[in-house]
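> The primary structure of each chain is shown beneath.
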Amino acid sequence: MNHIEFPILGAKWAIGSIALFHTAVASLAIGFAFFVAVAEIMGYVHKNRQYDLLAKRVQLIHVCIYNIGTINAIGLVFALSGLFPQFWSQIFVQFYWPLIVEEFLFFLLATTLTFHYFFWDRLWGHKKLHIFMGVLLTPMFFLQFYIINGLGGFMLTQGVGEAELSLRTGILGWDRLGFYNPSFLMLTLHRTLANFAYGSFGVAGICGAMLYLTNRPKVKAFYEEGGRLAFYVAFAAFLSLPIIGYFYAHVLRTQANEAFVNLMWGRGDVVAGGVDWWWVKHILVASMLGMCLTYFMRTSDDKRPFNIPNIMVISVAGFYIMFYLAMGMIMTWAFFWWMLAFGIGGACLSGHLLSYHQGSGRGVYLLIGILSFATVLLGGYARESARPRFVDRISHYDQVFVPEDRQPYLMLPLKPTTEAATVMKEPVGAGELIRKKCTGCHTLDRIKNYPRTNWDTVVRQMEVYGARLSDKERELVTAHLKEGKPL
Amino acid sequence: MDLPIIQTPIAPRWVWMEEVTYSHIPIATLITAFLLLAPIYETIGYLRKDPRFDRLAKSMVFFTMILYSPGAALGTGIPMFIIGLWPEFWSRWSNLFFWPLMGQFMFFLLDVIFLFFFYYLMWEKLADRKPLHIFFGFLSALFGILIQLVWDSLGGYMTTPSVPLPMVNEPVGWSAAAFFNPSFPYLFAHRFFANISYTMLLLGGVFALKYMRQKDPQEKAYFGFAADLTFTIGFLCFFVMPFVGWNFARVLQEESPVVFHAIMGGHASPYFVVKMGLIAFLVSFGGAYLFMRHRNRAVLAFITAGIAGIYYILHVHPPLHWIPGGPTVWRVSYTVVLAGLLIFFWTRKRKGEEESASRPRLMFLVGLAAFFAFALGGFTRERARQPYNVYGQLVKSEVLPLEADRWLTYEKCIMCHHQSPAEFERYKPKDWVARVKTERDRPGVNISDEEAERITRFLQENYR
Chain H
0 MNHIEFPILG AKWAIGSIAL FHTAVASLAI GFAFFVAVAE IMGYVHKNRQ YDLLAKRVQL
60 IHVCIYNIGT INAIGLVFAL SGLFPQFWSQ IFVQFYWPLI VEEFLFFLLA TTLTFHYFFW
120 DRLWGHKKLH IFMGVLLTPM FFLQFYIING LGGFMLTQGV GEAELSLRTG ILGWDRLGFY
180 NPSFLMLTLH RTLANFAYGS FGVAGICGAM LYLTNRPKVK AFYEEGGRLA FYVAFAAFLS
240 LPIIGYFYAH VLRTQANEAF VNLMWGRGDV VAGGVDWWWV KHILVASMLG MCLTYFMRTS
300 DDKRPFNIPN IMVISVAGFY IMFYLAMGMI MTWAFFWWML AFGIGGACLS GHLLSYHQGS
360 GRGVYLLIGI LSFATVLLGG YARESARPRF VDRISHYDQV FVPEDRQPYL MLPLKPTTEA
420 ATVMKEPVGA GELIRKKCTG CHTLDRIKNY PRTNWDTVVR QMEVYGARLS DKERELVTAH
480 LKEGKPL
Chain A
0 MDLPIIQTPI APRWVWMEEV TYSHIPIATL ITAFLLLAPI YETIGYLRKD PRFDRLAKSM
60 VFFTMILYSP GAALGTGIPM FIIGLWPEFW SRWSNLFFWP LMGQFMFFLL DVIFLFFFYY
120 LMWEKLADRK PLHIFFGFLS ALFGILIQLV WDSLGGYMTT PSVPLPMVNE PVGWSAAAFF
180 NPSFPYLFAH RFFANISYTM LLLGGVFALK YMRQKDPQEK AYFGFAADLT FTIGFLCFFV
240 MPFVGWNFAR VLQEESPVVF HAIMGGHASP YFVVKMGLIA FLVSFGGAYL FMRHRNRAVL
300 AFITAGIAGI YYILHVHPPL HWIPGGPTVW RVSYTVVLAG LLIFFWTRKR KGEEESASRP
360 RLMFLVGLAA FFAFALGGFT RERARQPYNV YGQLVKSEVL PLEADRWLTY EKCIMCHHQS
420 PAEFERYKPK DWVARVKTER DRPGVNISDE EAERITRFLQ ENYR
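Residue numbers (numbering that gives the first Met the number 0), protein chains in the order written: chain H, 0 to 486; chain A, 0 to 463.
All clues stand as given, with none of them false.
Stretches of chain A that chain H covers, calculated by requiring three or more beta carbons in the stretch to come under 8 Å of a beta carbon on chain H:
no.	segment
1	68-77
2	82-91
3	160-174
Far from chain A by the CB rule (all over 10 Å, computed), these chain H residues:
no.	residue
4	K55
5	F131
6	V250
7	K280
8	G327
9	G428
In silico DSS-like pairs for lysine-lysine, Cα to Cα no more than 25 Å straight-line:
no.	chain 1	residue 1	chain 2	residue 2
10	A	K124	A	K48
11	H	K55	A	K124
12	A	K219	A	K209
13	A	K124	H	K217
14	A	K124	H	K219
15	H	K447	H	K481
Rather than coming from a laboratory, the hints here were simulated on the basis of the structure. Don't be surprised by glycine CBs; every beta carbon is placed ideally from N, CA and C.
Given these sequences and hints, build the entire structure.
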């Protein structure tokens, strides 16, 4: 063993769990910041104290969850350091400076957020200044997000050769070409709008939950209107997601074909426990779309502030149908029909909930809040699991790019000890290779019990699923399996 | 394969690192102390039915809430800076302490959940279920202390590494011997009481200033009460420090003698002397304030006992060589100073009932002195360990010849000349060649030709 093991979960799931939890919380924070700014401005413009109060309550929740997100980020850094040291060192060689800028923004954001909430009443006489502080949070979050997406996009569509060139000619710690990688723009746009939608749907969900919990008419009216506003803001952000999603998929098709194939045909880790989680995500999104459409048809009222015209609602529906058609053409028509069915199902459910609660949106708010949370988690999961597997996380630095000609005096020797070096230099036998390469995904029993002998085809199939083998290793493994030698 | 180190603009990397660290530590320590003291004050308020304690506790938690997000954001910056600027150190260190770091992450998470959702947000809602609310406060405090405990263990390891620092391809994850390293309990105890002491003294100073500016009699009475209470607690907690500190120093003397000598008479001693000066200031003026204000004999007796304790510590402490005249002068000096201080205190007893504008300012200055004394402690420790990141195991890459030679000299010579590097000042530059040669010839001394040359050069250049 030459890396730290994470019991029960395994290294991949440990990182995945922390990262997904962080994504869910951080995305909610970004969405909350956006919603708070909108609600506070609405309150100021319409001289409606209720919007201001709603904004303040949401900001309080934001302050609380923000710190959970921060702690999760620390946990992620610790976990990556121990479990994937090679990857993590590589990332810092290439993106140290963006990460430091990110850190600086983090501090500014935390300070601004703290002052914005805790000085809400004290700055009552300076409302414009206070609103400005609140509005400032969204671009700050966006910049932070921009940086993280540069790194996230790089992990999927890196273009390694170009990145090395960028470091060789540029600054160590700032891989410009790697940062502005092919999927960076689409990922940023997709996640920004998805976060705005998710955060606002999250507020709607909270309002829905509060409506279930309270009996006081005044409080009910407050949360009913709050939920409606949040729902509308979320839907406005929801608008362009299918268009961006389509182009994002197109970028993956050309730049990260393996990930694209995994997503479209349900391969690799995208399918876990026999379920294609990318499909599940889209089923949830289609249900949400159906729910939104019914909700708007039933509640649209031009006299209330922040109303969305019907033409916009119909356009969104049109975009989504076009997206599902396009996906149907690329993948399978079953995808299209499933989405259509769940869209209609969501619409019916939404109509039923509205009728059941006598026009109150509580059921719809709560359900859509939960569904949006699930879609964010599944979106992150699908993207991560679509990537070719991180096969080798051995803690050595052989693959870290080092422009040695530029900074020879700042090189740290990281030589393995004699004992470890001996172990590393030993030739790896076919049996050990099989154990190392195959058991990351399935047990050795699967190999032992395989009834046929077409090992050439099987090994190649495994490589499509993500197994990384050099030519020599492939030959060794295939020969070993063909000969039926013990594993 | 080598690992590149990223260069920083404007200032060297250690300056950036210390900037980030020293902006985080005061916030983090303040939060840890407030988290512990808030439920204690709340409990006292609940038991005595005194709303002033509850108000004090709530204001501390409110301030903690304001500080938490910026503090946590700065905290995330520390690993980011280290990973990029000290990649080898971080990779190997986080390899050794992977599981404590993961535990740290869980403690942080639980700390935030209990502080934000169960303690702060529930203050009013659980007003009728005070014991439950206080329980949540203590849980939050517990996780805060556990966070500090882990950091102090990992920090202690850097000064007294009990096991070798593993390479990155030798996965460890957890080592009880490394975690429970010799200086860990003392560092933890030292910082635990220092946190409470400096935060309460500083808070007392701030409350005293607020007291001075208040016009509303009710508010003035509250701030007077809060200033007196927090300042007294801070001052009394200080007296644990000399005992813990001296034992900490003894462990350093045993386990990391170079660090000990660097602090006691070597290159880090100027910072230590300033720190001691600040402590002398806070003991003199803080003590005088308390004697003037307090009628409580137990408090006054405790302070007197504390001064006697300091006397004992100074008695067992090696004489400071920067005081001319040798050990006798040193012993007479501190005996006279401490005795004079006690006489001064007891003569000032209860003479300060009248209002004085300078008193709140002086209390604030005492609080500041406590803060800087605290900050200088960590700074001194870091300086003393240089040029090593981990004592005796991992040298920083930009090590200067002077630093390397100094370490070698301390390491090779102080083992026998164990009083202080200041002893070297007895010799003249022209004597050093012969002196080093004589020492090399002694049985059991192992100094190579190259090392002898470096040691001689260092001594000639630095002890003239």
